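> Each chain, letter by letter, is given below.
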Amino acid sequence: MEIVLVSLLNGLVYGMLLFMLASGLTLIFSMMGVLNFAHASIYMIGAYLAFTISQFTGFFPALIIAPILCGLIGAAIEVFGLRRVHSNGHIAELLFTFGLVFIIGRVVQMTWGMLPMAYRVPALLDFPLFTFYGQHFPAYRGFMLLVSAGMLLATWLLLKKTRVGLIIQASLTHPQMASALGHNVPMVFTLVFAGGCMLAGLAGVIGGNYQTTEPGMADGMGPIVFVVVVFGGLGSLMGCFIASILMGMIASFAVVINVSLLDLLKPLGVTLPGDNLFTEFMTVPVARIGALLPFILMILILLVRPRGLMGTRDT
Amino acid sequence: MKKQVTGQGTTQAWVWVLALIAAIAMPWVFYNYHTGRQSGFVISMLSQMGMMSILALSYNMLLGQSGLFSFCHAVFFGIGGYATIHFLNLAGGGALPLPLEVIPLLSGLSGLGLAIVFGYMATKQRATAFAMITLGIGELMTTAALMFHHFFGGEGGVNSNRVIGHSLFGFKYGPAIQVYYLILAWTVISALLMLYLTRTPLGRMANASRDNFERVQFVGYDPRMVRFLQFALSGFFAGIGGGLYAITYEIVTFDALAAPLSANALLMAYIGGSAAFGGPILGAVLITLLQSGVSLMSNSWLVYVGVLFITMVMFAPQGIMGLLAAHGPIVRAGRFGRLLVPYLRVIVPALVMVLGFVGVVELASFLTIGAAQGKSLVLFGSKIDEHAVMPWLAAFVCLAAGTFWFSIEARAFQRVWDGLMAELKPQRSIA
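As they're listed, the protein sequences go chains G and L.
Residues 148 to 462 in the working numbering are what the first sequence lists, from first letter to last.
Residues 61 to 491 in the working numbering are what the second sequence lists, from first letter to last.
Quick caveat, the hints were computed from the structure, so don't treat them as lab data.
Computed from a prediction, not measured in an experiment: that's the story for all the values here.
Any given hint could turn out to be false.
What the hints assert, rightly or not - Incomplete in silico selection of chain G near chain L, CB under 8 Å:
hint : residue
1    : 231
2    : 237
3    : 238
4    : 239
5    : 243
6    : 246
7    : 249
8    : 381
9    : 427
10   : 430
11   : 449
12   : 451
As the list claims (entries may be wrong) - Quick look at which bits of chain L chain G covers, simulated, 3 or more residues with Cβ under 8 Å:
hint : region
13   : 201-211
14   : 360-374
15   : 414-426
Here a beta-carbon is modelled for each residue, glycine too, at the ideal position from N, C-alpha and C.
With the hints as extra help, turn the sequences into a complete structure.
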């Protein structure tokens with residue numbers, strides 16, 4: 148029982164972190180039709196910047212400054228790069244962000260080195276929030292939940308309740324019309340791209356000390372975030388939210404389930420002799436193939452619903 | 061990427077025949093008469109070029125010819141490699157009575173089999189969603205390769221011995237030079253087959269569904285079927301490449317199907333030029349040269365490749381082949397001489413700019429990565445202190461001044477180029 152509760156909470160924390168990344172990606176995608184490959188790289192930059200800034204100012208100013216810097220980087224990428232390749236089509240834009248992954252990954256290594264950074268949870272939040280059944284729940288994870296939920300709410304309010312949000316929504320679905328009405332649509336694009344990168348940067352700031360701040364963190368996070376976006380359905384924020392929480396749960400529950408396919412078949416009296424690829428496949432416990440599950444789920448859902456969970460359009 | 065470069069058929073064919081002759085002769089150019097052997101480094105580099113050419117060409121069946129951006133291409137290369145190791149083990153044990161020359165065909169079939177399975181899923185979508193699905197497939201297979209030990213051997217990979225004592229022509233395939241010629245033969249066969257495929261109705265329909273898939277539907281074709289066939293066939297050729305990889309190195313680990321190799325396939329095809337058929341070969345040769353040359357000297361060669369790639373995406377989406385092809389009409393009109401001086405004037409500031417850029421990158425990388433590895437930056441025999449101000453200042457001045465100068469000269473070059481193009485236009489419309 149306590150394992151279920153703890154896993155549930157951990158899954159929620161990880162899922163919200165995923166959603167902060169995936170929501171930015173989805174917003175950028177639904178607006179420009181571009182999947183920003185470098186999104187996870189921005190997440191990494193956010194973590195590294197937060198580490199450096201927190202050395203001078205402490206954690207909480209870094210929580211504000213680092214995402215803003217990431218947003219500026221995003222704006223620069225959009226204005227100086229993406230806008231120029233826009234005329235060459237979506238594949239060119241995709242390739243452009245793909246090239247950025249190499250450059251950002253290497254530049255981060257050149258600036259901060261190859262070793263993991265000592266980016267730690269701030270002392271103020273470094274205590275167990277509560278304890279049940281002898282399991283501590285760190286206060287920092289509660290703080291992460293708080294920040295991501297707050298950010299979510301703010302983004303939602305911005306999109307749904309303000310004039311800026313209205314214009315963004317209009318440019319999303321009817322860019323020509325919004326432009327004809329006198330709104331600066333390219334500027335809106337830049338804003339959305341910067342906003343998405345800001346969210347990724349914020350995710351990096353709070354995720355960098357939850358996971359480890361090291362050069363491989365972008366490669367580790369990237370594929371999962373893309374799976375989330377595809378699973379939820381490209382361009383759907385709601386689907387993206389469900390997918391993020393689901394993937395978070397899978398990641399946290401998979402490590403504690405020690406059952407294999409064969410164990411499920413045992414009541415039926417199935418036993419497998421010998422030692423080959425098939426028996427290996429049948430006897431491997433879920434805990435070991437946890438990393439595979441998101442990808443298997445993605446392929447499964449695409450077989451049933453090619454548009455993803457709540458996708459509204461084909462690309 | 062939109063237009064197929066038809067080019068001057070016969071001159072192009074001659075260039076490729078010359079390239080083939082060079083590829084055959086290359087090992088003997090680097091023949092060492094003291095030891096009586098070819099240079100091992102050169103042979104392994106040439107072998108690598110052969111495999112990578114197959115990989116890049118097969119990747120271009122998707123990228124250039126069908127407009128599909130796949131992220132799991134190395135999976136089929138890798139699976140061909142893994143399967144080949146198992147085939148070699150079977151053949152070595154006598155269970156599979158096949159000569160070594162034919163085994164790459166089996167590797168190709170393994171790639172084809174897996175590409176049919178994954179292609180069925182991935183080709184339901186196109187464009188961005190297709191790219192995402194292939195990314196997922198790539199990660200799936202990489203994770204699976206590390207998890208299942210029977211087929212993939214886990215982190216250590218699987219290994220075998222290529223000397224199976226069974227050959228069509230009586231070779232033992234012990235020495236690397238014999239394997240190189242086997243690779244070359246298979247590269248030529250695969251390249252010719254892929255060239256032939258571009259001229260079949262399937263290849264034409266692939267181009268059509270790349271340019272306008274709705275129109276293809278109107279005409280009565282199923283663009284998904286076209287995508288699926290292209291995907292499966294490209295998996296077949298990638299599998300052949302993987303088979304040659306396995307035969308060369310006699311060990312296959314998860315690196316052979318992981319994302320970096322898929323990315324490499326993309327870089328090679330794109331930088332070489334995805335619109336022309338031969339572009340990926342050029343890209344494969346160039347990237348392999350860079351990889352074995354620059355990566356030995358510099359920690360940060362991925363930065364250079366990344367910057368080169370982004371520059372190509374921004375300014376030369378047709379790749380190197382496309383740049384060369386753009387000169388075709390000027391050369392044929394005999395006006396190339398007028399470009400020589402502008403070229404010189406562009407190249408000098410470009411070199412200054414590149415020098416400054418390399419300086420900044422290398423200084424930065426030696427400051428962190430190099431320091432961690434205990435290396436220090438040595439230039440012209442003298443050690444350079446990366447903490448001093450002077451080298452940094454020099455590099456930045458080079459970079460800034462070079463960029464400024466280059467932008468001026470580039471504009472002048474653009475004017476000359478546009479002028480030439482305008483002059484040539486009437487002639488071209490007559491022809």
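> It remains to establish, for every hint, whether it holds in the given structure.
Right, here's what the structure says about each hint:
1. A hinted interface residue such as residue 231 of chain G counts as satisfied when its beta carbon comes closer than 8 Å to some beta carbon of chain L; here the least separation is about 6 Å, so the hint holds.
2. Taking 8 Å as the C-beta cut-off, the interface hint given for residue 237 of chain G holds, the closest approach to chain L being about 6 Å.
3. With 8 Å as the threshold, the beta carbon of residue 238 of chain G comes within range of chain L, its nearest partner Cβ sitting at about 6 Å, so the hint holds.
4. Against a cut-off of 8 Å between C-beta atoms, the interface hint on residue 239 of chain G holds, since the closest Cβ of chain L lies about 6 Å away.
5. A hinted interface residue such as residue 243 of chain G counts as satisfied when its beta carbon comes closer than 8 Å to some beta carbon of chain L; here the least separation is about 5 Å, so the hint holds.
6. Taking 8 Å as the C-beta cut-off, the interface hint given for residue 246 of chain G holds, the closest approach to chain L being about 4 Å.
7. For the restraint placing residue 249 of chain G at the interface with chain L, the shortest Cβ-Cβ distance is roughly 3 Å, inside the 8 Å limit, so the hint holds.
8. Nearest Cβ of chain L to the Cβ of residue 381 of chain G: about 6 Å, under the 8 Å cut. The hint holds.
9. With a cut of 8 Å, the hint placing residue 427 of chain G at the interface with chain L holds, because the nearest CB-to-CB distance is about 5 Å.
10. Annotation: interface hint on residue 430 of chain G violated; nearest CB of chain L at approximately 11 Å, more than 8 Å.
11. For residue 449 of chain G, the suggested interface contact is upheld, since its CB lies about 6 Å from the closest CB of chain L, less than 8 Å.
12. Residue-level restraint check for residue 451 of chain G is violated (minimum Cβ-Cβ distance to chain L is 11 Å; threshold 8 Å).
13. Only when three residues or more bring their CB closer than 8 Å to a CB of chain G does the claim for the region 201-211 of chain L stand; here the count is 7, and the claim holds.
14. Three residues within the 8 Å Cβ limit are the bar, and the region 360-374 of chain L against chain G gives 10, so the coverage statement holds.
15. Coverage of a stretch by a chain is defined here by at least three residues with a beta carbon nearer than 8 Å to that chain's beta carbons; for the region 414-426 of chain L and chain G the count is 3, and the condition holds.
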